[in-house]
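Participant: Taking the hints into account, I'd like the entire structure generated from these sequences.
Mapping to our numbering: the sequence shown position 72 is 73, numbers consecutive.
The hints are simulated quantities; they were obtained by calculation from the structure and are not laboratory data.
All values derive from a computational prediction rather than experimental measurement.
All the pointers check out, no bait thrown in.
Pairwise CB distance ranges, derived in the manner of DEER restraints:
hint : residue 1 : residue 2 : range
1    : Asp58     : Asp94     : 37 to 43 Å
2    : Thr6      : Asp58     : 20 to 26 Å
3    : Ile24     : Ser4      : 26 to 32 Å
4    : Ala25     : Gln60     : 31 to 37 Å
5    : Asp92     : Val64     : 30 to 36 Å
6    : Val64     : Phe30     : 24 to 30 Å
7    : Ile24     : Phe55     : 34 to 40 Å
8    : Ser4      : Ala70     : 26 to 32 Å
Backbone N, C-alpha and C fix where the C-beta goes; we use that ideal spot for every residue, glycine too.
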Amino acid sequence: MISLTSYAFVSMILFSIGVIGVIARRNIFVIYMSIELMLNGISLFLITFARYHFNMDPQIITVMVISIAAAEAAIFLSVIILLFRTKKSLDTDIFTTLTQGEKS
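Facilitator: Spelled out as structure tokens, the structure:
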């Protein structure tokens, strides 16, 4: 049987890869996938300790995290499509031009 530390280690690796992806990458799709990795790492961590302590509360929170991630996917992908249609790029420098306004 796999121990508690193994699951915790895998969840920390997932979360760390997600953080590195958010910090190091500039493509919006890769940043979005990294955020999803971070959410999955947190969910695995919650499920691990719920199983260890025989408590259902973290599992309920995990189901809520998964449902929020699904709603986030729909909104985030629609924003990406709108940004691509207006700027013709998926580089994160788009956000700096959005906050400064259009200078003609």
